[in-house]
Amino acid sequence: METATDIVLLALLAATAVGLVRIRNLFAVVMLAGIYSLLSAGLFTVLDAVDVAFTEAAVGAGISTVLFLGALALVGHREKKPTRTGRMQVLPLAVVLITGAALVYGTMDLPPFGDAANPVHHRVADHYLEETYHEIGVPNVVTAVLASYRGYDTMGETTVVFAAAVGVMLLLGGGARRRRGGAAPASESESE
Amino acid sequence: MREELVLRVGAKVLAPFIVAFALYVHFHGDYSPGGGFQAGVILVAAFVLLVLVYGLEAVQQVLPPRFVQACAAVGVLLYAGTGIVTMLLGANYLGYNVLAHDPEHGQHYGILLVEAGVLITVFGVMATIFYHLAGRGRSE
Amino acid sequence: MMSELLSQVVGSYNYWIVVFLMMTGFYILISRGNLIKKLVGLNVFQTSVFMLYISLGKITGGTAPILVDDPEALYSNPLPHVLILTAIVVGIATTSVGLALAVRIKEAYGTVEEDEINEIEAGIDDRRAPGRAALRGP
Amino acid sequence: MRLGLSLLVPALAAVLIVVFRARPNLREGVSLAAAAVLFGVVLQLHGAVSDGARPELVLAEPFPGIPLVLEAEPLGVLFALVASFLWIVTTLYSIGYMRGHHEKNQTRFYVFFAYAIASVMGVAFAGNLFTLFVFYEILSLTTFPLVTHAGTEAAKRAGRVYLGILFSTSIVFQLLAIVWTYFAAGTLDFQAGGILDGRVAAGAVPVLLGLFVFGIGKAAVMPFHRWLPAAMVAPTPVSALLHAVAVVKAGVFAVLKVTVYVFGIDFLAGTGASVWLMWVAATTILLGSLVAFTKDNLKARLAYSTVSQLSYVVLGAMLATSWGVVGSGMHIAMHAFGKITLFFCAGAIMVAAHKTEVSQLNGLGRSMPVTFLAFLVGTASIVGLPPTGGSWSKWFLGMGALDAGQAGLVVVLMLSSLLSLAYLMEIPMKGFFGKRSGPPESPGIREAPLPSVAALVVTAAACLLLFVYPDPFYRLMTMVTGQ
Amino acid sequence: MRIVDHLPILQVVVPLVLAPLCALVRSRRLAWGLAAAGSVSSLVVSLRLLSAVMASGPISYAIGDWAPPFGIEYRIDVVNAWVLVVVSTIAAAVAFYARVSVQAEVGDRRIPLFYAAYLLCLSGLLGIAATGDVFNVFVFLEISSLSAYALISLGRDRRALTSAFRYLIMGSVGATFIVIGIGLLYATTGTLNMEDLSEILPQVWDARTVKVAYGFLAVGLCLKLALFPLHLWLPNAYAFAPSAVTAFMAATATKVAVYMLLRFFLTIFGAAFSFGVMGLDRLLLLLALTAIFSMSLVAIFQANVKRLLAYSSVAQIGYMILGLSFASVTGLTATLLHLFNHALMKGALFMALGCVVYRIGSVHIDAMAGLGRRMPLTMAAFVAGGLSLVGVPLTVGFVSKWYLILGALERGWWPVAVLVLITSVMALVYVWRVVEVAYFKPPPDDEPIAEAPASLLVPTWALVALNVYLGIDAGRTIGVAEQAARTLMGTAP
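The listed protein sequences derive, respectively, from chains A, B, C, D and E. Once you know that position 4 of the first sequence is 4 in our numbering, the rest is easy, because the numbers rise by one and skip nothing. Position in the second sequence (first residue = 1) + 192 = our numbering. Position in the third sequence (first residue = 1) + 332 = our numbering. Position in the fourth sequence (first residue = 1) + 470 = our numbering. Position in the fifth sequence (first residue = 1) + 953 = our numbering.
Same shape as in the complex, but just chain A (with noise of 0.2 Å):
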């Protein structure tokens, strides 16, 4: 039943991605877009992921959508057709090409999916689900890692989203006036 699930979510997932590549209108690329964090959430839940499943639906599904949302009501919702279709893609389809093959390589020497004697489930990740109830009292593992034993990352996160904030401001805090002409427009605090 799991893996029936997955294989599912997974095609849906591939099918929207194909989609998402072909579709020019940004207000349907961006809905799809949302619906793909839609479908990798319902991923995540299978996979047992549920705290990043809650995340990426109110980030991936919500929140970036809105943002997309607003960005596109100011610069505009129609992607140009390429121009140059036939040159154009061949160097990123090589790039991407070589880069999928590297990886597919990597993943002949993964150990199987799923397996419980993975080395990844050992060494740092039983010591967890073994001692986060005395150490820290609290049943959600993945919240007693996320803010204790690897609290700092989680410190690092909340600054990446204030560095976002501080970098949205400082982009968007002038109040919006076209600038226009040569090299070096005047700014906006100029008329403040």
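In case anyone wonders, no lab produced these hints; they're calculated from the structure. Please note: incorrect hints may appear among the correct ones.
Unchecked claim - Subject to a maximum C-alpha distance of 30 Å in a straight line, what follows is the list of computed BS3-like cross-link-like pairs (lysine-lysine):
#1 Lys825/D <-> Lys626/D
#2 Lys900/D <-> Lys765/D
#3 Lys626/D <-> Lys574/D
#4 Lys574/D <-> Lys825/D
#5 Lys825/D <-> Lys900/D
#6 Lys1394/E <-> Lys574/D
#7 Lys438/C <-> Lys80/A
#8 Lys765/D <-> Lys626/D
#9 Lys1394/E <-> Lys626/D
Using the hints, position chains B, C, D and E against chain A.
Okay, now just chains B, C, D and E, sitting in the frame of chain A:
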């Protein structure tokens, strides 16, 4: 806007529930999926809903841009500050054990504090970004 | 030989589709000229990488790593979940800065299509020094 | 201590020159006084070194084991003596020239002149290859503003060639050779007998030596000689300084020093590594003379003469025999006095008569007899005719060539002497015996200003004196070779 | 516990805490004060860390009191203590420089946020250098990158926006590749701790997954450090960013990326794997030489002096990678020395250009005509920095070049040594182009141009002074770099 009365009322009714749900997600993060980040995102969802229904200006009056910006900064300070407090109490950075009389409670407090930091920052940041993107369209 | 290959395929199919998804995102990112579309591609790319991580953490027959009072319970690996939670947040942060940049580029160039931007930039004459008037300072 | 002074005096002089920039007399006074003091300092060093002392001064230690160090030894003292003495004379000369020629930016001129001398002192007293390299490069930089003094488009182009060749040869070849030496020997110190013996594979020695000889671009061995004629755009005192004293001599001095103290002549003679470079030098000698023949511009002719003469020094070093080294070192001094006399004369002619081409000199000697007599003396010294100092160095070089079993080189030396006699003698001959063509010159042509004439008389006299009394230089050189 | 024991974490957290404070205050001066305080404090901390590590070996700091590999560990050895000193030295100089420069180029209102982003970028870079956990590297990488995108976009030219966007795309691709690499490593070992990884990896060397992980990390890191041919984002980003940002980024960001490369390939995978199994040295040799040669050539033909120096930076990164490709202690010493030395010279050069921008608003080579007389101190600083870039003796540039050539000779790679020297001459050519214009061309009009204010000149000259001082007295830096190189090669005593 009169014909949107249903929406307005609906939003008014819905918003507290969303906030409550966010708080549940936050405080129940120890036991079930969820935590500060998810709660923050849900809060933002409530906020977006309010903006969509009541308009940007109205929401900005209740939640001024400077306030949400300050939230973004305060959350980080809360998180990093927790680490500094544990340092002052004699542990390493973010070593929560010393926050209470026994390690387990200390961990609880610590996690609660830093998750609160995450919540505040995420809400502040997302609201700020939303304000800026949404506000950009109007001032033109 | 054949059966070996088969078991390989069965053991890796999850990874391979994830690789396909990743590469689709990567392809959108590097082949599309529209800046917004690029960001969508980046999102798809990153989300697919998340799937790779989560796939790594899955244990067949396991449950979500929320401890229950059952000594026999088999939990999936919580660490990839934690890492990906962080990565998701980083992703949205990057996206929002990228969107803000795209908005500003639209205001400055009137377009978010890469080839049109390149055309405009090729036409800028560096020699025309803006002079001190362009400076805000004293 | 005195070693430090040898750098400090000119550097301090440069500061004072800036301070007194508004008062030309005081400014030039400072230049002269500093030159005299410096010469005194070097004389004292000479005394100490003659008594067998080897004063040393560590300035800094940039790399562990590779200090920036000054050390006085006979060869360096010889070079320093020549340079510091000629600084006095050149300063005297410049006063007349720069004022007579109404040059602009005279303060800058004197400042960089002083800096150039300071760096020459650094080159002369360098205690290891690293220090030599450092001051060598500083010398290139400090002379650059002198070369481009005029600030014209031509001067700029010349400056580009000047710095381009000097820097690229020193960075690409010389630095590589230095690092190689360090890699092989584990030290860069100058030591009697060399540091490389047995540390470099025999097959690699010719390459390493070649890197040094070509890398020291200031030695102007062909094909890296182009900067020298290009730098002709500089004011004449600069040309005199560059071509007779500071820059070119720093180059050949460095070649000689590397030969003696890094390779060691025994090692070189044993491996035969320098033979191919002897012939490179010989070719430069002949080609330089031939080109000099074709130049009508007086300074250009002198420049190619310098190219040719420098290779005498290089040749002497490459001979890797005691006599060769003695001749090489003596030629540094002798050529310096001879060539600076010629340049002074050329400058004097330019200031007094505004003539720059050889073909314009007909009959001029009768208006400027002192200048042309001095030119004659200088010519004799360059060619190597008695009774001038130049004959000594040619003599020793010839002996060295025979010692090395290279009789063919003796022929080259003779041939080149004949050539230089021909292209240099043309000038005083024209001056004294040539018919003035065209309308009689304006009657105003007289000798150049007194300081300039005094300077060229001093150097011409020195050429003669050195025939009778070459002792100081000879003694120093025998100390170098240990005879 | 004494405060000394907390130095590793304070190194990163102090600027990190000051950043939100900067965003909270409204006063420009206060924000600047916080940024300066943060930079200076990290300089003090990094110097103390370096001396502590030199004296008594690596320091491990368990964050959250969780013993590694279960918690995140900060692990300071000579290598990253050195990098911390590099970054914070430049940060301190730039912080003082920024006060006037940023006000002129960015505008009043955004200044507190600018300093918040500056501090975030700084703490991100310091965090990358300090951490002993591979995933933590990614998190701090993103902190520094996101703030860097924002900082670059603040340039006055509208092309600053597009270059920031391109940098964002390339940087995110790089970061994602790094995440893939880390994921594959984790999949085969089950740990994220660097120390732990380096112990487990030799047992799984043969796995294709490890090799692919290596490849992805290599590509991702090379994107971040702008190794040719993955450098395309860099020239415009440096050319159009505000001057203070260019000086900071050029002197620190790529250096930290080089450090990551060294850390991943030499400490985590180990020199034996990198050079023996993967043949990294040959590949890097090729890329480095191409980078040095082609980018020096491109630099010669640039008309925008900032862009000229940016291309030069790509070439100089080639030198660092070249040192690595020698796979020897001498080569790595050269790399680590050049890491610092290049930061010093490019910092000084870009700051000098910032002074020019402050007065004449342009760094087009034609606009700089006659500046040698109008702004003597600024241009003298430029010349000094340029000479250091060329590698003239008694400057730091010479020191690193010396070790680079020595390393090449040790390997018996003569042509490489010659090529390094030839490219130094190319550096001379592009530096000299600017010098010639500034000193020999008459200024275009008689509009009086004053010398840059002291607040810009003092930090610039401070870096110039370091360029010269550490070129004359290089014993200490060489000693540290050598010890760090030994640590990386695993031959430390």
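Hint check results:
1. Lys825/D <-> Lys626/D: Roughly 23 Å separates the two Cα atoms, so the pair holds.
2. Lys900/D <-> Lys765/D: Cα-Cα ~15 Å, so holds.
3. Lys626/D <-> Lys574/D: 16 Å, holds
4. Lys574/D <-> Lys825/D: The given pair, whose Cα atoms are some 20 Å apart, holds under the 30 Å limit.
5. Lys825/D <-> Lys900/D: 13 Å, holds
6. Lys1394/E <-> Lys574/D: Roughly 17 Å between the alpha carbons, so the hint for Lys1394/E and Lys574/D holds.
7. Lys438/C <-> Lys80/A: Holds, at about 14 Å.
8. Lys765/D <-> Lys626/D: Holds, at roughly 22 Å.
9. Lys1394/E <-> Lys626/D: Judged against 30 Å, a Cα distance of about 10 Å means the pair holds.
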